[in-house]
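Protein chains: 2
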Amino acid sequence: MTSRPATSPRFLGLAVAQMGPVHLSDSRESVVARLVDMLRQAHSRGAEFVTFPELALTTFFPRYWMSEEEAHERFFERSMPGPATQPLFDEARRLGVGFYLGYAELTEDGRGFNSAVIVGRDGSIAGRYRKIHLPGHSEHKPEAPFQHLEKKFFEVGDLGFRAFDTDGVRMGMCLCNDRRWPETYRVMALQGAEVVVLGYNTPSLNIHWNEPVHLRTTTHLISLQANAYQNGIWVAAAAKCGSEDGHHMIGSSVIVAPSGEIVARTVSEEDEVICVRADLALGAHFREHVFNFAKHRRPEHYRLIVERTGAGDPLP
Amino acid sequence: MTSRPATSPRFLGLAVAQMGPVHLSDSRESVVARLVDMLRQAHSRGAEFVTFPELALTTFFPRYWMSEEEAHERFFERSMPGPATQPLFDEARRLGVGFYLGYAELTEDGRGFNSAVIVGRDGSIAGRYRKIHLPGHSEHKPEAPFQHLEKKFFEVGDLGFRAFDTDGVRMGMCLCNDRRWPETYRVMALQGAEVVVLGYNTPSLNIHWNEPVHLRTTTHLISLQANAYQNGIWVAAAAKCGSEDGHHMIGSSVIVAPSGEIVARTVSEEDEVICVRADLALGAHFREHVFNFAKHRRPEHYRLIVERTGAGDPLP
Numbered sequence: 001m002t003s004r005p006a007t008s009p010r011f012l013g014l015a016v017a018q019m020g021p022v023h024l025s026d027s028r029e030s031v032v033a034r035l036v037d038m039l040r041q042a043h044s045r046g047a048e049f050v051t052f053p054e055l056a057l058t059t060f061f062p063r064y065w066m067s068e069e070e071a072h073e074r075f076f077e078r079s080m081p082g083p084a085t086q087p088l089f090d091e092a093r094r095l096g097v098g099f100y101l102g103y104a105e106l107t108e109d110g111r112g113f114n115s116a117v118i119v120g121r122d123g124s125i126a127g128r129y130r131k132i133h134l135p136g137h138s139e140h141k142p143e144a145p146f147q148h149l150e151k152k153f154f155e156v157g158d159l160g161f162r163a164f165d166t167d168g169v170r171m172g173m174c175l176c177n178d179r180r181w182p183e184t185y186r187v188m189a190l191q192g193a194e195v196v197v198l199g200y201n202t203p204s205l206n207i208h209w210n211e212p213v214h215l216r217t218t219t220h221l222i223s224l225q226a227n228a229y230q231n232g233i234w235v236a237a238a239a240k241c242g243s244e245d246g247h248h249m250i251g252s253s254v255i256v257a258p259s260g261e262i263v264a265r266t267v268s269e270e271d272e273v274i275c276v277r278a279d280l281a282l283g284a285h286f287r288e289h290v291f292n293f294a295k296h297r298r299p300e301h302y303r304l305i306v307e308r309t310g311a312g313d314p315l316p
Numbered sequence: 001m002t003s004r005p006a007t008s009p010r011f012l013g014l015a016v017a018q019m020g021p022v023h024l025s026d027s028r029e030s031v032v033a034r035l036v037d038m039l040r041q042a043h044s045r046g047a048e049f050v051t052f053p054e055l056a057l058t059t060f061f062p063r064y065w066m067s068e069e070e071a072h073e074r075f076f077e078r079s080m081p082g083p084a085t086q087p088l089f090d091e092a093r094r095l096g097v098g099f100y101l102g103y104a105e106l107t108e109d110g111r112g113f114n115s116a117v118i119v120g121r122d123g124s125i126a127g128r129y130r131k132i133h134l135p136g137h138s139e140h141k142p143e144a145p146f147q148h149l150e151k152k153f154f155e156v157g158d159l160g161f162r163a164f165d166t167d168g169v170r171m172g173m174c175l176c177n178d179r180r181w182p183e184t185y186r187v188m189a190l191q192g193a194e195v196v197v198l199g200y201n202t203p204s205l206n207i208h209w210n211e212p213v214h215l216r217t218t219t220h221l222i223s224l225q226a227n228a229y230q231n232g233i234w235v236a237a238a239a240k241c242g243s244e245d246g247h248h249m250i251g252s253s254v255i256v257a258p259s260g261e262i263v264a265r266t267v268s269e270e271d272e273v274i275c276v277r278a279d280l281a282l283g284a285h286f287r288e289h290v291f292n293f294a295k296h297r298r299p300e301h302y303r304l305i306v307e308r309t310g311a312g313d314p315l316p
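If you read the sequences in order, they're chains A and B.
All residue numbers for the first sequence refer to the UniProt record's numbering, where the first residue is 1 and numbers rise by one.
All residue numbers for the second sequence refer to the UniProt record's numbering, where the first residue is 1 and numbers rise by one.
Certain hints may be false.
[What the hints assert, rightly or not] Cross-link-like lysine-lysine pairs, in silico, DSS-like; alpha carbons within 27 Å at most:
| hint | chain 1 | residue 1 | chain 2 | residue 2 |
| --- | --- | --- | --- | --- |
| 1 | A | 152 | B | 295 |
| 2 | B | 295 | A | 151 |
| 3 | B | 295 | A | 295 |
| 4 | B | 151 | A | 295 |
| 5 | A | 141 | A | 151 |
| 6 | A | 152 | A | 141 |
| 7 | A | 295 | B | 141 |
| 8 | B | 141 | A | 141 |
Please keep in mind that the hints were generated in silico from the structure rather than gathered at the bench.
With the rest of the complex left out, here is chain A (with noise of 0.2 Å):
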């Protein structure tokens, strides 16, 4: 990537569309419409580009068990744009507006994904995402108060990370429980990513153990902080959340600057668009002198990092 100087600012206007709850009976055409008017808000605000949830169509269905079956009917698309997303797609188009969007894949061959993409200016898509990081477990758990099945209905993502070139700027994304995970926006920021979009759906309880249930904001936000700041980049987070049907998800949907600081943050557990003239030039503040990774880095010791999935004994 080639080195800009620091002092010419670059902007973006770049938007996070936070959700409020989308509960089972609402129809995709009516979710589509809330995407579109929080499209039109955000690009009346000079937004350039717009940052929707994770599985932003449909209530996050890993909480309920069924078949596979029945949820890939229910819940999955089978394309994208498909009939219910074309509006959103015309919109932006129209507006010249480019946006990151989470939804349920389902591939020709009948694969289940936890899938996001990035969509330029023009309509088309840039890049795509399929989730690593799946968090839950794929039995049934009758005794817990909601299930997490993303280990049940999703395969772990083939793509990786990768960092796309879209409307003059460096984008990388992830899915939610990415989000926790350093490795995520590290193998972004090594392809030259500046900005890493993201949407979440998380649960207020931790169905595992008796977590204090202000530690899930406080862990979520110190993670999209600090990521930010190690890597140089920009990061846009949106929540879907509130009560969907009695299950209740955290919001704090945040732009967060490569200084590590929130500089735009949802007051609300509803839909809400926040928006900031991002400087781009920012970041390289970070990646030319503290972060400068070619200088800095070294990873000859980094090795464990990929040779062992699980902790292990100390090095000899």
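The hints should help you fit chain B onto chain A, whose structure is shown.
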């Protein structure tokens, strides 16, 4: 590493002994007397392990341009313990307290490292570390208000990031700038580290660009918090701080829980001890669920972390 039931608390009295300035005119003996005082205070408050700063025995000398020979003569240790530091080792053994200490190491064959040791409660050295992420530069910058010559005075550490079993606790360590690199903590967590201790000297001014001063502290804290959380470990970080002969460095020494929360923080820029009763079992909740590495990590998608040093083009 054997999985321990997350419900059985396992406590460690964990302390940080922050240091105020060490001036050029201060003798090694006077500095060691300060360390011994803080060791006693920490022990009286229940500490079983005390974390001292980086380069704890001298001023932060990489800010001064001088020859390697002069630096070796004035600021490096030829043995650890040596005549000046033996009283600290003796007092630690007498009290039955372990500690971490950073110092400039001169090897028998004349190589310089920015080093640290972990010393067990029996007074013997349980682990050694030589700093890997050396910040700064090696050439003279006469236009800068001060130098940051770590790349001149120190070689890149050759011992890797390791975890050591010390008095029933698996500990790792690093130094200063290492704490801003997520690879540091991950490599030690993949060896089952439960606690990572570190010292730092962080100038309040960035000589490379006009970085807002408050960011030095903000980015220090979010780096520690996110990496503690993302690895399910306790982190104890000890500053040398305040104004050394007119050169100011940040304080804000902290102890961070595996939840990412700051559970103790200094309030001064002087010698100051903070101490907590750290439940090592708290980290097990995180390592068994959200950060169950064996279940959730996908090293096949992390390869760029070791295959590239600097940032390059997007993957094809």
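Against the structure, the hints come out as follows:
A threshold of 27 Å between alpha carbons decides the hint, and for residue 152 (chain A) with residue 295 (chain B) the separation of about 14 Å falls inside it, so the pair holds. For the given pair, residue 295 (chain B) sits about 10 Å from residue 151 (chain A) by alpha-carbon distance, which is consistent with the 27 Å threshold. With a C-alpha separation of about 34 Å, the suggested pairing of residue 295 (chain B) with residue 295 (chain A) is violated against the 27 Å cut-off. Between residue 151 (chain B) and residue 295 (chain A), the direct Cα distance comes to roughly 10 Å. Compliance with the 27 Å bound is thereby established for this hinted pair.
Taking the CA atoms of residue 141 (chain A) and residue 151 (chain A), the gap is about 13 Å. The hint holds against a cut of 27 Å. At most 27 Å may separate the alpha-carbon atoms for a hinted pair to count; residue 152 (chain A) and residue 141 (chain A) meet this at roughly 12 Å. Note on residue 295 (chain A) and residue 141 (chain B): the hinted pairing holds, with a Cα-Cα distance of about 17 Å set against a maximum of 27 Å. This hinted pair does not check out: residue 141 (chain B) and residue 141 (chain A) have alpha carbons roughly 63 Å apart, beyond 27 Å.
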